[in-house]
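Novice: Put together the whole structure using the sequences plus the hints.
Read top to bottom, the protein sequences are chains A and B. Going by this note's numbering, the first residue of the first sequence is number 15, and it counts up by one from there. Going by this note's numbering, the first residue of the second sequence is number 30, and it counts up by one from there.
These aren't lab readings, by the way, just hints derived from the structure by calculation.
Cβ pair distances, simulated, as ranges:
id: 1; chain 1: B; residue 1: Asn105; chain 2: A; residue 2: Ser16; range: 39 to 49 Å
id: 2; chain 1: B; residue 1: Glu156; chain 2: A; residue 2: Phe77; range: 15 to 25 Å
id: 3; chain 1: B; residue 1: Met127; chain 2: A; residue 2: Lys112; range: 22 to 32 Å
id: 4; chain 1: A; residue 1: Arg100; chain 2: B; residue 2: Arg113; range: 11 to 21 Å
id: 5; chain 1: A; residue 1: Ser16; chain 2: B; residue 2: Lys154; range: 19 to 29 Å
id: 6; chain 1: A; residue 1: Ser16; chain 2: B; residue 2: Ile179; range: 36 to 46 Å
id: 7; chain 1: B; residue 1: Tyr77; chain 2: A; residue 2: Arg98; range: 42 to 52 Å
Don't be surprised by glycine CBs; every beta carbon is placed ideally from N, CA and C.
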Amino acid sequence: MSVYHYLTVSAILFALGTYGVLTRRNAIVIFMCIELMLNSVNLTFIALSRHLNSLDGQIFVFFVMTVAAAEAAVGLALMIAFFRNRETIDVEEINLLKW
Amino acid sequence: METIFFYLVALVTIVSGYLVVRCQSPVNSGLALVNTFFCLAIFYVMLYAPFMAAIQVIVYAGAIMVLILFVIMLLNLGTEARKRYTHGVVWAAIASLMVLLIEVFFIKRGRVTGAEGDITDYLIKTEGHTELIGKALYTEFLLPFEIASILLLVAIVGAVVLAKKDV
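Specialist: See the structure below:
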């Protein structure tokens with residue numbers, strides 16, 4: 015399988031994640047769609063790193079996973095704090111900063 | 030054989046990615062996302078990156094998804110599952126289709142170039158993927174590694190502060 019097949023799969027996953035982030039109203043599902051986009055980028059990194067016989071892309075995937083873990087911890091704590099105040103995590107209710 | 034296997038796994042990946050976006054209940058979305066993560070781990074094995082596949086299963090499917098499912102359970106979102114759960118479908122569909130078209134355009138027309146390294150399949154088989162990653166991580170990428178540790182520390186402190194009773 016050539017690198018282009020993997021890149022195509024990753025492009026489709028990224029577009030699906032974009033669609034989910036733009037349409038869903040539940041903040042946790044939006045969060046999961048962001049994880050989906052991060053994973054599609056990871057697939058791109060690993061496919062290119064194999065294509066170029068290099069290890070740099072895989073190290074980068076390592077750091078992407080680190081950032082995703084940190085994001086999961088902080089983001090979910092934010093959602094719990096918000097749910098405690100408003101009893102919902104619907105993003106249409108979270109509109110204090112909207113103009 | 031490998032081609033058929035690739036298309037099969039790609040089909041499962043994309044269908045479960047679609048289910049993440051479409052499922053009404055967040056729990057179903059989460060389970061579909063776990064399925065996607067496992068399929069991506071299979072891709073990593075096919076790309077001669079076994080350590081990355083293990084990390085994918087342990088960190089993503091293990092740790093992060095358990096955290097997300099715990100939060101779904103804590104927030105008890107079952108009561109509002111019957112409401113309308115999407116908004117702006119048409120514009121979002123147009124935007125994501127344009128993203129997809131641009132990506133496919135670049136993939137079809139472009140040619141992958143870059144600095145070639147010297148990590149061959151033979152080297153991965155004889156020396157071991159984990160060992161190669163470890164060597165690169167603790168020599169060439171030592172500074173980003175330390176910065177990542179500071180990032181994780183800050184994330185832990187931030188999560189504890191945010192989840193406390195009186196913010």
